[in-house]
Each structure stands twice: as C-alpha cells, then as structure tokens.
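**Q** Since chain A is already given, all that's left is putting chain B with the ligands on it; use the hints.
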Amino acid sequence: MASIDLDKMLEKIKGTQWALSDIDWDAPGAELITEEQWPKLKEFMADLMWIEHVGARAFAALAKKAPTDTLREIYSYFHAEEQRHANAEMALMRRWGMLEGDEIPEPNVNLRIIIEWLDRFADEMPVYVLGTVVPMLEIALDGALCTFLLETVKDPVCHQAFEKINDDESRHLGVGFTVMEMQGRSASYIKMVQMMARVMDPRLILGIASYMPLLNKMRDNVIAMGLPEEKLYKAMQKFERIGGRTEEGRRNPWFQLIKQHGRWVTNRSNKMYHVPVDALVKITGMVPRNALPAVPSWVKELTYEPTTTR
Amino acid sequence: MSTTENSKKPAKPKAPRKKAAAARKTSARKAPTSKKAAEKTVSALIVGAGFAGLGMAIRLKQAGIEDFIILERGNAVGGTWRDNQYPGAACDIPSNLYSYSFAPNPNWSRSFSGSEEILDYVHHLVAEFGLEKHIRFEQNVAELRFDEKQGIWTATTDKDVIFTGRAAVMAQGPLANCSFPAITGIEDFKGKKIHSARWDHDYDFAGKNVAVVGTGASGIQIIPELVKVAKHVKVFQRTPGWVMPRPDFSTPEWNKLLFRKLPASQQAMRELLYWSHESMALAVIWNSPLTRIAERIGKWHLRRQVKDRWLRRQLTPDFTIGCKRVLVSNDYYPALQKDNAKLITWPIARISEKGIRTVEGIEHQVDCIVFATGFDVSHSGTPFPVVGRDGRVMGDDWKRGAQAYKSINVAGYPNLFLTFGPNSGPGHNSALVYMESQLEYALKGIRKIVGEDLKVLDVREDAQQRFNKGIQKRLAKTNWNSGCKSWYLTEDGFNATMYPGFATQYAAQMADFKEDDYETA
Ligand SMILES: Cc1cc2nc3c(=O)[nH]c(=O)nc-3n(C[C@H](O)[C@H](O)[C@H](O)COP(=O)(O)OP(=O)(O)OC[C@H]3O[C@@H](n4cnc5c(N)ncnc54)[C@H](O)[C@@H]3O)c2cc1C
Ligand SMILES: [Fe+2]
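Quick note, the sequences are listed as chains A and B, same order.
Going by full-length UniProt numbering, the first sequence opens with residue 1, and the numbers climb by one from there.
Going by full-length UniProt numbering, the second sequence opens with residue 1, and the numbers climb by one from there.
Source of the hints: derived by calculation from the structure; they are not laboratory data.
Check each hint, because a few of them may be wrong.
Claimed, not checked - Calculated cross-link-like contacts (lysine to any residue; reagent style SDA-like; alpha-carbon spacing at most 25 Å): (1) B:Lys342 x B:Arg238; (2) A:Lys40 x A:Gln160; (3) B:Lys61 x B:Lys448; (4) B:Lys354 x A:Ile23; (5) A:Lys164 x A:Gly174; (6) B:Lys256 x B:Trp275; (7) A:Lys14 x B:Glu225; (8) A:Lys8 x B:Glu491; (9) B:Lys307 x A:Arg310; (10) B:Lys193 x B:Ala182; (11) B:Lys342 x A:Arg251; (12) B:Lys477 x B:Glu295; (13) B:Lys299 x A:Lys40; (14) B:Lys477 x B:Gly493; (15) B:Lys399 x B:Phe467; (16) A:Lys8 x B:Gly191; (17) B:Lys307 x A:Ile23; (18) A:Lys300 x B:Lys455; (19) A:Lys64 x A:Ser21; (20) B:Lys455 x B:Lys477; (21) B:Lys299 x A:Asp119; (22) A:Lys14 x B:Trp275; (23) B:Lys228 x B:Ser250; (24) B:Lys208 x B:Gly191; (25) A:Lys65 x B:Asp318; (26) B:Lys208 x A:Glu305; (27) A:Lys300 x B:Arg350; (28) A:Lys64 x B:Glu187; (29) B:Lys485 x A:Lys238; (30) B:Lys307 x A:Met182; (31) A:Lys8 x B:Arg238; (32) A:Lys238 x A:Arg251; (33) B:Lys192 x B:Glu225; (34) B:Lys399 x B:Ala182; (35) A:Lys65 x B:Lys228; (36) A:Lys14 x B:Glu187; (37) B:Lys299 x B:Arg350.
One chain only, chain A, in its complex shape:
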C-alpha cells in the first residue's frame, strides 16, 4: 500500500456505493448455521455490529476535524459506510433469527462506556488521536473478526455481505494509513511534544481507559468462539507492519503509541498490562446497566431494514 491520492479516492468511493437492498436477505442458506454455532455467533455478531457503529461515530468525529475538504468528505462517507456495515450485520442477525422482537441488540457494558465517551469527547479529540486509533480498531477487530467469521460461517449471504463490507474496509484502511503518514510528515518536534502532552488530557485518559478493556473483552469473546488467539494478534501486527513501513509513518508519535499498546495486548505474558486491564473488564462487567446514562440518539439510527418510508 503506497500513499494514495485522496481526491481520486473520494471519486472512487462515490462511484462504488452499495445498499442493503442489493442483497437478497431471504435467499436460502440461513439453515447452514449450526445449532452449536448459533448462540456464540449471536453474541459475536452483536459485538461486531456495535464495533462498526462505534467506528462510524469515530469517523463522524474525524469528519469534523479533518484538515482538508476532501478528507472531511471522505470521512463523512466512511461514517455512513461503517453505519452501513452495522446495518448489514443487523440484517444478517435478523436473517438468522438473532434479533429479539426485532430489537437492536444490547451493547455490552464496555461498548456502552465507549459510546458514552465518543458522544461526550470524540469531537474534541485532535485528529491525530482518532486518525490512529481508528485504523488500529479496524484492522484488529474488523479485519481479524471478519476473516474468522467467513472461515466459520458457510451461509452464502453472509459471504456476499462481507465481500462488500471488506471492500469498503480496505479503502478505510488505505486512507487511514495515508493520513497517518501525512501526519508523520508534518510533525515537527514541537508538534510531537504537543501531541504527546495531549495524553495527559483527562478526557483522553478516559478514552484510553475504555478502549483497553474493550480490546481485552473482544479478545475473550472471539476466543470463546474458537478464534485462535494468534490470529487476532497477527492482525494487530499488521497494523505495526503497514503503519511503520515508511519513515513518515514511523515518525507519527500516535502510531508509536498505539503500536506499543498493540504489543502489550498481544503479549499475554505482560502482566503489567493484562492484570489491571482484565480486572477492568471484570469491573466493567459488574456495572449495572441502569447505572449508565441513556444511549445517545445517534445509536437509534441503526436499522436492518433495506428500505424505509419513515
């Protein structure tokens, strides 16, 4: 992946849109989900769909902060595309009979915390932070999870949907890494120091505190489903490999930071990291649902219906 021409990318994005109604959600194949798979798949899909949705919200924040008009427009498309992924994944869940009473699946507590954080603070985060975290999340969670899903699930409609989703995703990553390199290129020493100083921002610390358990929680979830742990880690190492392939990319301090974090996550023997974070997962798991504030209204825009008149 070399740095890409963002203007051309925007044209390409506009020219290759798809909609939920391009897929026949009632086509045969749903029966290929085994009884044994079903409950774990249900939990997995719910998490996946929420991650897409959370990613969408992060792109919305990026669109506000983007340094150029082109990037701003690209990010507002990505915002919508991530929402499309979430919608499509819900449509799959519905196809598989996983939506209770046609309801949106409940987000787990870690996700609720992330949603809350995004709603309160994401728009205020400097573009560098989300611009680096988002590709990481995409590659680790989306990338690894989707590949695994396709290896496990035989339903052709699922494959059809994810082929489209992955096409989008590869563009999101291309742009993500290009932007990281752009930032690395312009980062003077002073700016770098300023960026690092941001780490001390309590709002950001809060964000990190909710991001870390999410990763560990997801790790637990996918492992429960039978994903070999190494696969997830491999995906995360991909972030390090691609993000660090150029001098500019490596110079981006946020890349360095997130990369370091990725290393901790993938190194199970790093007790300094995993003991407290796993503890956080446990603690957040105990937070009673009604202790959390009401979900923001952007969450209610999710839908599995390809067409609507309301």
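**A** Frame of chain A, contents of chain B with the ligands only:
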C-alpha cells in the same frame, strides 16, 4: 431551467443542463443576422421583467425616457417572485427595506412578507407606472450583439425575433435559472419531482411521503410548511447553515395607517432597518468580534430550539458565519423535530426508482422529491452570448471569472448596463438597496447616450482593471473567502459575486459617474 429555453411559468426544470451550455457556444459564433427588427429602435432595451428590469423602466419613465422595451421570456412579470411560489416563500430582509424607495408600499402585512404579497407589489408597480405596454412577453433573449458603426444593440430571441436599442440593460436576474441537480439515478425516479423555484401547485401533499433535498434559504422555508400537510417529510442535508431567529410580526392596522398618512414615518422606518442591516455587515462580511457574537446568537437559537445533542451536532455549521448566506427562521428547527419529520445527514448515494439511497445503505422511499437545491449561477459566463466590439464575446473575457467596472459596465461592451453584475451581491442588506444605486447609475449613462447622441460609451480597460484589483484585495479579507465552498465562489475560489463592503460604500461608488473612466464616440 436552461436559459436557452422559453421558461413559461410552470415550466419544469430539466437535468442535465450541459446541452444548453453547448448550444450557447455554437450560437455565439453565428454571423450577425441581417433580419429586420420587429419594432423601431428604442433608447433602451431591457432584458427581464423582474425587480431590476421593472425598476429600470420606472426610473427611465420618471426621467422622461418613454421609448424602451422590456423583453421577458415568461408570460408574467415578477421574476424571482413569480417563480418562487413554494409554500412558505418569503423575503428574509424586512419588506420595508425589500422594496423600492421610489415606490413605497405602506400596506405590507408583516415584517417579512410572503412571496404572493411581494408579487402583488410588483404587479402594483406595473400598473401604477403603466409599464405593461412596454413589456414583450415570451421573448426569450438568445443573444445580445453590439453594432459599433451604428451604436446599436440587437437582441435576438430564441424564435429569431429581433429588437434593437441604443442602450441595453441586462436584468435577467442572478437566480433566474434552475435545474435538477445531477444526482446519479435522478431520471430513474418514478415518483413526483418538484423544484422549489418551479412549484407545482396542483400536486397534493396530503398523505404523501416527501423528501426535501437541500437546506438552504428555500429549503428551510418549505420544510415547516410541508411538515404541516404531508404524511412524512425527510430532509436531506449536506451542510447545515447558520440559522438566526426571525423577528417577524404582522403589521398592526394603526401602523399601516401611519405609513399611509405620514410617509415620512415609513421612510424613517426604512432608514432604521437600513442601518441595522448595515451594522450586520461587520459580523457577516469581515471576521470581527461581531462575527463571534452573531455565531453565539446562532448557537443560542439552536440550543434553545433543539434539545437532543446529536441533532444539534448535525445542525451545527462548521464554517464562519457569513461565509454562506445567513438563514433566518423560527420554525425550521421545531419542524424538524415533529413526529412526521426526520433530518437525514447521510450523504446521498443515488436516486432510485422509489426514493433516495443514502450511503448508510438504506433506501428512503418517498412519493415526491422536492429539490430545494438552489440555482444555476454562472461565475464565468453569461446566460446567453453577449457580443461586443470587434466580435468579442463576454463569456470568453470572463473565462477566468467575471469582471466588470463598478459591477455595471464591461470594457469592450459599450452602452450596456448590468444589474446584479460581478461583485454587486449584498451579504447583509436588501438586494433592492443595491439595485437602486445601479439603476441610478444606468440612468445617468443612458441619459448621456441619448442626450449627447453617443454611439459609444465604453468603460476604459485600465479603469476596469484598477477597479478590480481593489475589489479582489478587499475580498481576500472577507468571510466569503475564508475557506468554505459556496455559490459565491468559482471552482478555484475566485469571488465574482459579492461586494466587499457596506451598502453605503456601494452607493457612494455608484453615485459617482467618472466620465474620465469612459471612452466616448
Ligand atoms: C427564494 C428567494 C428569496 C429571496 N429573498 C431575498 C430577500 O429577502 N432579500 C433580497 O435582497 N434578495 C432576495 N432574493 C434575491 C432576489 O433574486 C433579488 O432580490 C431580486 O428579486 C432579483 O431581481 P431581478 O429582477 O434581478 O431578477 P429576477 O427576479 O430573477 O428577474 C429576471 C427576469 O428576467 C427573465 N429572464 C431571464 N433570462 C431571460 C432571457 N434570456 N430573456 C428574457 N427574459 C429573461 C426572467 O424570466 C425573470 O422574469 C431572493 C431570491 C430568491 C430566489
Ligand atoms: Fe467496518
């Protein structure tokens, strides 16, 4: 609506409009026609019977010039206000200021009158000043050409009818042409399509699912009205604008009576409105502390009317106030929050047979799409070919952005006056205030041509260049040039639309007719 076409009142806008542009180019190369004119040569040919054309006519009459013709492509007067008859259409500058000082109307029913009432005022102007007999309806000007030897402008219509005049006034309107936007799949849509500026009054919205594309000045006026009648209204927004509270009151009877009995009181009211709008220039045109205050008012208005944090975020503009037209409304935000309304901010992917597909993958199915997408504004061309001295074509001279002298004359095109020419746009005050100074200026020029029997009154190239250097330098410091995309700017960010200053400065510029800046013959 493509300009080369005769646009009768309820004519339907067409997309795309490339063909019209192509047609324009080829006809520009046609040789001067040798056909005979339909009528004898008049002192002034006016193109367009909107506020500008009619105002020009009134001022000519008041100055004792009676031989002029107004060519109008439609079959009625009123221009903007004839075409923009959508529900909720109204001016957003108080009526007492959005009217001619030389023809005051004491009877405005409210601070911001609706389209119909403004149109009534226009009809009243026509009747009071006896303009009807000067107007030639359904004459769509397709070309204006200057004959230097005789000092005569020839207007050729699309039906090849010819009119001649010693001077010509282009008053075809800055926002007279519209077309459906070039959204992929627009021609696939099987439902009803309506453009805000070509309203279909026969279409019944009751019980219909409606989409409105666009949230500019027209959109925010239409939406509250549609929400009242339609079953469900989906509003597709690309960029949110600044919306200010609208101090709209109905005029009490005693007030109308006062204005009738004591015209000076209405004049005083106009002055007051004028100066309060002038002061807004400080907020809107330049980035000043007042800009921040204006933005704070806009945010306060939003916070007061919209409680949901996400909706508020969707509606929060991300550009400096004034960079695009400032909107005024009290009922737009509340309308969006009605049960039968919804704001959609996902980008539009395409239009399908049944509705609008947005990028989040969902098809929003509707019975009707209302396009409040604005107008075809040309920054670098003219709506029809204008051929000046030595066969030069204005569109070519303007390739890199329209330029004129004081917005009204263009070097190489003698005896021709533009209304709403380059850099004459008001950002903060009534267009008619600007128009009045243009009409006075044109009147001076036309009187000179007729009185001194001039064949050529042409602004000097160097005077025009000097003028434009000054303008562009001043524009660089304004909010319009602060980085947001708007119809004020060309693709490369050249501002050929707005006047960078107070209306008072503009009036001073126009009050001064510098003969030295002109070449005469
Ligand atoms: C919805 C809307 C609201 C507005 N509100 C305000 C406001 O509140 N305050 C304000 O200051 N301004 C406002 N404006 C701007 C408005 O356009 C001007 O104030 C003013 O009405 C323009 O008058 P005009 O005569 O120059 O153009 P128009 O009113 O457009 O008249 C031009 C006429 O020329 C005719 N014509 C065009 N081309 C040809 C041709 N080739 N041959 C023959 N005839 C032709 C047209 O049919 C039309 O009748 C608004 C505009 C719109 C669209
Ligand atoms: Fe995704």
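**Q** Are B:Lys61 and B:Lys448 close enough, with their CA atoms no more than 25 Å apart?
**A** 15 Å, holds
**Q** Has the given pair, B:Lys192 with B:Glu225, been kept, meaning a C-alpha gap of at most 25 Å?
**A** 18 Å, holds
**Q** CA of B:Lys256 to CA of B:Trp275, is that 25 Å or under?
**A** It holds: about 22 Å lies between the C-alpha atoms, which stays within 25 Å.
**Q** B:Lys307 and A:Arg310: Cα distance at most 25 Å?
**A** Measuring from Cα to Cα gives roughly 21 Å; hence the hint holds.
**Q** Between A:Lys164 and A:Gly174, does the CA-CA distance stay at or below 25 Å?
**A** Roughly 16 Å separates the two Cα atoms, so the pair holds.
**Q** With the threshold set at 25 Å, check whether the alpha-carbon distance from A:Lys14 to B:Trp275 stays at or below it.
**A** Outside the cut-off at roughly 46 Å; violated.
**Q** Within a Cα-Cα threshold of 25 Å, do A:Lys14 and B:Glu225 meet the stated pairing?
**A** Violated - the C-alpha atoms of B:Glu225 and A:Lys14 are around 33 Å apart, more than 25 Å.
**Q** Hey, B:Lys208 versus A:Glu305, does the alpha-carbon distance stay inside 25 Å?
**A** OK: B:Lys208 and A:Glu305 at ~20 Å, within 25 Å.
**Q** Does the alpha-carbon distance linking B:Lys307 and A:Ile23 stay inside the 25 Å limit?
**A** 37 Å, violated
**Q** Would you check the hint for B:Lys193 and B:Ala182, treating anything up to 25 Å between C-alpha atoms as holding?
**A** 13 Å, holds
**Q** Are the Cα positions of B:Lys399 and B:Phe467 separated by 25 Å at most?
**A** Measuring from Cα to Cα gives roughly 18 Å; hence the hint holds.
**Q** For the pair we were handed, B:Lys354 and A:Ile23, check the Cα-Cα distance against 25 Å.
**A** OK: B:Lys354 and A:Ile23 at ~17 Å, within 25 Å.
Hints 7, 11, 13, 16, 17, 18, 19, 20, 22, 28, 29, 30, 35 and 37 from the list above are not met by this structure, while the remaining hints are.
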